[in-house]
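Got two chains here, separate frames each, mind docking them using the hints?
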Amino acid sequence: MTYHDDELLPISALQHYLFCPRQCALIHLEQVWAENQLTMEGLLLHERADSPTHETRPQHDGVRIRVERALPIRSLELGLIGKADIVEFHHPRDSSDSPRIIPVEYKRGKPKANDCDRVQLCAQALCLEEMCSTGVTEGALFYGTRRRRTEVVFDDDLRRRTMQTIDALRTMIEGRVTPPAVRTKACEKCSLIDLCLPDATGGDRSVARFMSRQLNAHLQDETTDE
Amino acid sequence: MKRHLNTLFVTTEGSYLAKDGAAVQVRFEKKTLLRVPLHNLDSVVCFGRVGFSSQLAAACAEAGVSISLMSPHGRFRAAVVGFSPGNVLLRRQQYRAADDPELTARIARNCISGKIANSRSVLLRAARDAKDEDRSSRLKLAAKQLAPILRRVAKADDADTVRGYEGESASKYFASFGDLTSVDGFQMKGRSRRPPLDPINALLSFLYAMLAHDARSACEACGLDAAVGFLHRDRPGRPGCALDLMEEFRPVLADRLAFSLINRKQVSCKGFEVTSSGAVRMDDKTRKTVLTAYQTRKQDTIEHPFLGEKTTMGLLVHLQARLLARHLRGDLDEYPAFIWK
Chain A
1 MTYHDDELLP ISALQHYLFC PRQCALIHLE QVWAENQLTM EGLLLHERAD SPTHETRPQH
61 DGVRIRVERA LPIRSLELGL IGKADIVEFH HPRDSSDSPR IIPVEYKRGK PKANDCDRVQ
121 LCAQALCLEE MCSTGVTEGA LFYGTRRRRT EVVFDDDLRR RTMQTIDALR TMIEGRVTPP
181 AVRTKACEKC SLIDLCLPDA TGGDRSVARF MSRQLNAHLQ DETTDE
Chain B
1 MKRHLNTLFV TTEGSYLAKD GAAVQVRFEK KTLLRVPLHN LDSVVCFGRV GFSSQLAAAC
61 AEAGVSISLM SPHGRFRAAV VGFSPGNVLL RRQQYRAADD PELTARIARN CISGKIANSR
121 SVLLRAARDA KDEDRSSRLK LAAKQLAPIL RRVAKADDAD TVRGYEGESA SKYFASFGDL
181 TSVDGFQMKG RSRRPPLDPI NALLSFLYAM LAHDARSACE ACGLDAAVGF LHRDRPGRPG
241 CALDLMEEFR PVLADRLAFS LINRKQVSCK GFEVTSSGAV RMDDKTRKTV LTAYQTRKQD
301 TIEHPFLGEK TTMGLLVHLQ ARLLARHLRG DLDEYPAFIW K
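Which chain is which? The protein sequence lines are A and B, in order.
Note that UniProt numbering has the first sequence beginning at 1, numbered continuously upward.
Note that UniProt numbering has the second sequence beginning at 1, numbered continuously upward.
Only chain B is shown next, with the shape it has when bound in the complex (with noise of 0.2 Å):
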C-alpha cells in the first residue's frame, strides 16, 4: 500500500521555507527552526503569512509534494502542484457520470450511507462510553432515529432524494450533539458554520477544513476532477467530489476527534476567543494541539474493509479516492463506501 507520509503544518506566522538539498528547512527571524526530508514528505501546509522560496516550490512539485496555502483559520487559498498530466480519460467520465443521474445518485446514495451509519457508530460508541445514564440513553435513542434514515438512503435512486435525507439526519444527529460531551463551556447550540459561533463549532469547522484538505489533495493524486462531485452540485470554487468523498470520514474523523479533545480536556473554552461579533477563534496554541491530534489519529492503523488490508486512517481518504476513479473506469459495479465499525 501506499505509504503513509507526514503532512508540514507551518502554524507561525512570518515564517519562511527554503530548500535545503533534498529537504524542507523551516526559518523564523533567520533562525532554522525545523530541517524535514522531502521524501518524508506528503504535503505542506501553510496558514496565514508564510513565505517560501521559488526553489522549494519547483523541489515540492518535483517530488510530488504539495504546498497548500491557507487562511490562518484553515480555509483553503491556493495550492503549489506539479505537474501531472492528470487521466483525461478518468476526468471525461468522472464528468459524464456526473451529468447522469443514475450514476450519481447511485455514488451519492453510499457516500451518505456511509456518512449515517458512521455518524451512528460515533453515537453508539459515545453511549457506551457515557457514564452518565440518561446521556447514554438519549445518544442511543439518536442512534436508533438515524436508523430508518440510513435504511431508507440505501434503497434512494436519486440524488435529491438523497441530499433530502442527508440533511434530515444530519439535523437529528447534530441535536444530539449536546450529549456528546459533559464540559462546562462547550455547549454546542446547533452547527454554525459561516462564522462558527461556539468553540464546538470552531473545532469541528478547522477539522472539517482539514480534512477537505486531505480530500482533496487524494483527487488529485488519484487524477480525479476535486471540482466536480456527484452529491455536491456544481458550485464555482467548491471542490465538489473532495467534499463528496470526506462525507463518510467527518464522523470518524473530526467529530470523534474534536470531543475526545473536548472530553480528555486536551482543549480548553479559554483557548477559544469570541470575537465582537460573536464569532469564535482559536487561539495558536489550540490550533497546534489540534493540529497535532488529527496527525496522530491519521496514523493509527485500521483494516481497511473493502480491501481487507490494514492501512492508516490517514490514507483512507486516499484510497477511497482510488475506489472512486476505479469505479468511474468501470472496474467496480459501485463506489465501496468505507463504513467504520
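With the rest of the complex left out, here is chain A (with noise of 0.2 Å):
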C-alpha cells in the first residue's frame, strides 16, 4: 500500500516520539509549539545549513561529490516527508555506475543516550532509497559540540527500529489521542511542558478532590447553619 500526499507524517515527529510520545502528540496532533533555549539553537544551527543551494567538488581520486543542501525528501510506501539538511552524492569516475547517496544530518550539543538521530536520519536514508531507486547503505551525523562527522551504517537493526517507530507514530496520529504526561527527567529539558503540564496532569491527581478541599478551606470558617 502506498499513502497519499496529504497523508505523510514528518520525519521530525520521529525522533518527537522517540523523545516522548506526548510530546510528539502536542506537537503534531494539537499543533502547539514554544521555543526554549534548546529549540532557538538548533534553529540558528540549521539556519546555515538549511539554505537550498547544491555544490560539485572534485576529489583527488576522481569522485565527484554533488551536495545538496535543504533536499525535500518523502516515501509513499512509508508515509513520510521531510527535508534532508545535507545529501551528498558520490559519482565515480565511470559515470555509468550510480552515485553512493550519504544524507547527513546537523544537531545541536553532543550525541544522544537514545537512538533517535540516528532513526530520523535512516528515515531520510529510506526516503532516499525511494526516490532514487538505489541503496543507501550508509550516513552521518554532525554534532554542533563536536563539530565532526559520527558515521552511521544503516544496519538490518536500525531499519527494523526506524519502521517500527514509524509505526507506532502512525497508530498514535491516526488514533488522535494524545497519551498522558509521564513525569521525567528529559520534562525539564522540553520546551512544551508549560502547555504538557506533566505535573498537574500526570499520575492519578483529581481536580474533583482538589475542588472540593480548596472549598471546604474556603468554607471553614462558615458554620453549616443553611
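The set of hints was computed from the structure by calculation and includes no laboratory data.
Be aware that a few hints might be false.
[To be verified] Partial list, derived from the structure: chain A residues whose beta carbon lies under 7 Å from chain B:
| # | residue |
| --- | --- |
| 1 | 116 |
| 2 | 182 |
| 3 | 184 |
| 4 | 207 |
| 5 | 218 |
| 6 | 220 |
| 7 | 222 |
Quick reminder that beta carbons are idealized off the backbone N, C-alpha and C, glycines included.
Here it is, written out as C-alpha cells:
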C-alpha cells in the first residue's frame, strides 16, 4: 500500500516520538509549539545548513561529490515527508554507475544516549532509497559541540527500529489521542513543559478532589447553618 | 511559565500606529510619541479612532501580537490575529462537551464555584479593612449569605441549576456593593450595564470589558473557540467561552480594583460624565488611570493554587484557558477553577 500526499507524516515527528510520545502528540496532533533555548539553538544551527543550494567538488581519486542542501524528500511507501539537511551524491569516475548517497544531519549539542537521531537519519535514507531507486547504506550525524562527523550504518537493526517507530507514530496520529503525561527527567529539557503540564496532569491527580478541598478550606469559618 | 508581556493601550483618538523595524511606533499629529518593541508585547488595544498600517498588522500577526479594536468605551469590535491553525481536535472536543449536558454542567459548576468563593473573599477582605463597624458586619453578613449558595452550586449537576444559583449569588453580592466604598458620590443603585447609570457601574463595565478582552485572547492563544461556552449558552456575537473563563476573575481583578481606585481616591466623581440619557461615561483621564491600574494589578505575582507555581495575575486567565483545554482533551477529570485566597 502507498500513502496519499495528504497522509504523509513529517520525519521530524519520529524524533519527537522517541523523545516523548506526548510531546509528539502535542506538536503534531494539537499543533502547539513553544521555543526554548534548546530549540532556538537548533534553529540557528540549521539556518546555515537550511538554504537550498548545491555544489560540486572534485576529489583526488576522481570521485565527483555533489552536495545538496535542504533537499526535500518523501516516501509514499512509508508515508513520510521531510527535508534532509545535506545529502552527498558521490559520483564515481565511471559515470554509468549510480552514485553513492550519503545523508548528513546537523544536530546541536552532543550525541544522545538514545538512537533518535539515528532513526531520523535512517528514515531519510529510506526516503532517498525510494526516490532514487537505489540502496543507501550509510550516513552521518554532525554534532554542534563535537564538530565532526559520526558515521551511521543503516543496518537491519536500525532499519527495523525505524520501521517500528514509524508504525507507532502513525498509530498514535491516526488514533488522535494525546497520551497522558509522564513526569521524567527529560521534561526539564522540553520546551512544551508549560503546555503539557506534566505535574498537573500526570499521575492520578484529581481535580474533583482538589476543588472540594479548596472549597472546604474556603468555607471552613462558616458554620453549616443553612 | 509563559512570560508576562505588556498590552499597549492606545487611547488617543486620531493616533496612528506604524511598523518601525521590529517595533510599534505610535504617532500623533506627525510626531512620534512612543516606540515599543514587538517582543515586549502581548497585544495592542486601540480605543476609538486609531489607525494602523497594513505592514504593522502583518508584523504583529507574525509575532503573535494581536491588535484589538475597541469602541471608545471599551466594547470589542474587531481584532487582527495571525493565522493559527488552532487545534481542530481540541475544538471538536469543545463542541462535543458543549453539547453534553453532564460535561457542560461540571465546567459551569466549577466556574461559578470559583466566582462565588472569590466574591466572598472580596467581601471578607473589605470587611476586615472597613473602619466602620456597621459596614464591616454588613459585609460579613453578605459573605455568610453566599456560603450556602456556594455549597449548593458545588453539588449542582445541571447547568440551569448552576445558572440559577449564579443569579441568586450575584444579586446578593451586588446588593452589598454599597458597603464596599465609603466615598461620597459613588453610590451604586444596583448593577446597570447597558448603559451604566452610575460611576461605579461605568467603572465595572469598563474593567469587565478589559477582562473579557484578555479572556478572549487567552482562548485564542490556547486554540479554544472563544464563542462556544458552557455556562454561557451560544448567542451569536457573544464570546461564551471567554465569558465563562472570566467569571472567577471578575471579583478579584475587576471589582476589587474598582473599589480600591475609589477608596484610594485615584478616581473621583468628577471624572465621570452623566449624559442627558442618564448613561454615565468616563473621561479620558479617568480611563487612562483605570488602564494603568489594571496593567499594574496584572503584574502582581501570585502562586497558582492548582499548578503550585508563581505567576502573575495577568497570566492567570491564560493558565486557566490552558487548564480548560487540558480538561477538554481528557488530561484532567474536571476544570480546576481559580480560587483566590
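(request) Just pull the numbers of the violated hints for me, sorted ascending. (result) Of the numbered hints given earlier, those the structure breaks are 1, 2, 3 and 6, listed in rising order.
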